[in-house]
Amino acid sequence: MAGLEDLYREIILDHYRNPRNRGELEVPPAVQAVGFNPLCGDEVVVYIEVSDGVITDVSTGGQGCSISQSSASMMSTAVKGRKVSEARRLVQAFKQMMSIHGTGIGGRGDDLDDGPDSTNGHGDVKLGDLEALRGVVKFPVRIKCATLSWNTLVEALEETLA
Amino acid sequence: MSADRSERLSATKAQFPLLARRVRDRPIVYLDSAASSQKPQCVLDAMNTYYETINANVHRGAYEIAAQATDAMESARSAVARFVNAPSDNEIVFTKNVTEAINLVARSWGGANLGPGDAVVITEMEHHANIVPWHIMAAEKGFELRWIPVDSDGGLDLSGLDRLLDGAKLLGVTAMSNVLGTLNPVRHLADAAHDAGALVLVDAAQYVPHLPTDVQALGADFLGFTGHKMCGPTGIGVLWARAELLEAMPPFLGGGEMILDVRKDGFLANHIPHKFEAGTPPIAEIVGLGAAVEYLNGLGMERVREHEVSLTAYALRTLQERYGSELDVHGPAEPACRGGVLSMSFRDIHPHDLSQVLDDRGVCVRAGHHCAKPLMRHLGVPATTRASLYVYNDTSDVDALADALGAAGDFFG
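Those sequence lines, one after another, are chains A and B.
Under numbering that gives the first Met the number 0, the first sequence has 146 at position 147, and the numbering climbs by one with no breaks.
Under numbering that gives the first Met the number 0, the second sequence has 278 at position 279, and the numbering climbs by one with no breaks.
If you are wondering where the hints come from, they were derived from the structure by calculation, not from laboratory data.
One should not assume that every hint holds.
According to the in silico footprint, chain A covers these stretches of chain B (three or more CB under 8 Å from chain A) [said to hold, decoys possible]:
| no. | region |
| --- | --- |
| 1 | 141-151 |
| 2 | 364-374 |
Derived DEER-like restraints, expressed as beta-carbon distance ranges [what the hints assert, rightly or not]:
| no. | chain 1 | residue 1 | chain 2 | residue 2 | range |
| --- | --- | --- | --- | --- | --- |
| 3 | B | Asp165 | A | Arg88 | 42 to 50 Å |
| 4 | A | Glu23 | B | Trp146 | 45 to 53 Å |
| 5 | A | Ala1 | B | Glu51 | 50 to 58 Å |
Facing chain A, from chain B, some residues (calculated, C-beta under 8 Å) [to be verified]:
| no. | residue |
| --- | --- |
| 6 | Tyr322 |
| 7 | Glu325 |
| 8 | Val356 |
| 9 | His377 |
| 10 | Gly379 |
| 11 | Gly408 |
Treat the numbers as computed from the prediction; the structure is a model and nothing was measured.
The beta-carbon is built from N, C-alpha and C at its ideal position, and this holds for glycine as well.
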């Protein structure tokens, strides 16, 4: 049985207490997307500014639990300064890690966890600190909390194409 | 918490098989009855016995067990009618749940009676089940949706009631808030609505399971409740409505059972309540609901209410003593003015995180917006953690909740 320490890793609580890239960006030039978790009422706002195919700035707002807020914070640091194409690959890799089918329930995910530089079959995509969120998969009702900001990022990226 | 708690289970608790199980090697502490109650053995037995001895479709077969199945279903309807003091059994329409009961009224009565220039009045503390059907119909029919606001004590602000009811055709109100526990002044509202020429729909999902209910004394025209919150099974709810209203309303769903005759050029609707019960009903669930009603009658609804008032008082006192201003219980402070629904905000711990730690200790509570987002916006919180009490809960459950809150406070520093 997964324990609370599998879910609430120290790095997650750190991002929750001290969220990075928190706030709003001016729209335009930035674009904004809002994501809702209908289960718990959480709301995440993602602002991104894209220039020449690079995400030059990211900011997040909204309210939610430690998992959704820390995931948003980690997402923002992970994609800031990246090419849009890299960010999209990172989203894929993260969602793969958050997929029950990708890593299995009941701890099978641990078998795939071979350190912070793990590539986990996602080519050259390094998840780094994001690996701390891997334990969320053992708590299926919380997966949506972790993926909320990532799905909202994808919506914001679509906005930049609109 | 002592490991031998099961030996000290109250007589009531012992009647609910699920409450004997353990979660993560601790006795389960079930505090989510506002979402769904547990079921006593007698309800489970009634449903099993139905399947094992008289299972057959109702209202058609001429053979013995078909007649017995029909009798079982109609006896349950009578028991339900008596339970809420309905003047007649044929005013009891079986639905899937309260949501379907309200949708039935919105679609059937609303479709026939609402249009541009009309208004429906609801309150800011309604469950989405008594909001969204009206949004849907308002978009279709062009009537206005008006809102009775919630005041700072978790009651309804009735200062503008006359203005809101002016020109209204229906007032929809929850008898007891599923978030705040507030018991609303239904009779007062019904009298005001009737004076203004409006009908009254009562969402009694949280009321019928917990208080003696008399649909006539409440002054309601429509009243919905659901089986699974009152010791009965899921999948069975009730719409009570005055017979003359049901007679005049067009059918909701079409199909078998709801007709007297079908021709190539039309159909003749069945008598009430069957007019609103298209298709094979959930017979076993109806039998289970009948058994649940008899179970609650055995406990006595006056005693159920007394138990909950006293346990709610204990909970409010215990939580206040242990956590003071760190813990905010939304809604009325006076136990006699509320139900046993405790929606809490604890420090700045998000309800999802709080309920996760509680779950780790076997304490089952609901975290979220409780299908009441307009109310959440009024309260200025994204969500709350809700513990709700019922017949089988006792002070040991409240103590376990208080202990688990302490553990959550420690965990999140």
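Against the structure, the hints:
1. Note: the region 141-151 of chain B has 0 residues with beta-carbon separation from chain A under 8 Å; the three-residue rule is not met and the coverage is violated.
2. Counting residues of the region 364-374 of chain B whose C-beta lies closer than 8 Å to any C-beta of chain A gives 4; at least three are required, and the coverage claim holds.
3. The hinted range of 42 to 50 Å is not satisfied by aspartate 165/B and arginine 88/A, whose Cβ atoms lie roughly 60 Å apart.
4. Here the CB-CB span from glutamate 23/A to tryptophan 146/B is close to 30 Å, at odds with the stated 45 to 53 Å.
5. Taken as a hint, the range 50 to 58 Å is violated for the pair alanine 1/A and glutamate 51/B, whose Cβ atoms sit roughly 40 Å apart.
6. With a cut of 8 Å, the hint placing tyrosine 322/B at the interface with chain A is violated, because the nearest CB-to-CB distance is about 20 Å.
7. Restraint check, glutamate 325/B versus chain A: the minimum CB separation of about 18 Å is more than 8 Å; hint violated.
8. At its closest, the beta carbon of valine 356/B sits 6 Å from a beta carbon of chain A; the interface hint therefore holds under the 8 Å criterion.
9. A hinted interface residue such as histidine 377/B counts as satisfied when its beta carbon comes closer than 8 Å to some beta carbon of chain A; here the least separation is about 13 Å, so the hint is violated.
10. Among the interface hints, the one on glycine 379/B is violated; its C-beta lies about 11 Å from the nearest C-beta in chain A, farther than the 8 Å criterion.
11. Nearest Cβ of chain A to the Cβ of glycine 408/B: about 14 Å, over the 8 Å cut. The hint is violated.
Checked against the numbered hints given earlier, the structure breaks hints 1, 3, 4, 5, 6, 7, 9, 10, 11 and satisfies all the rest.
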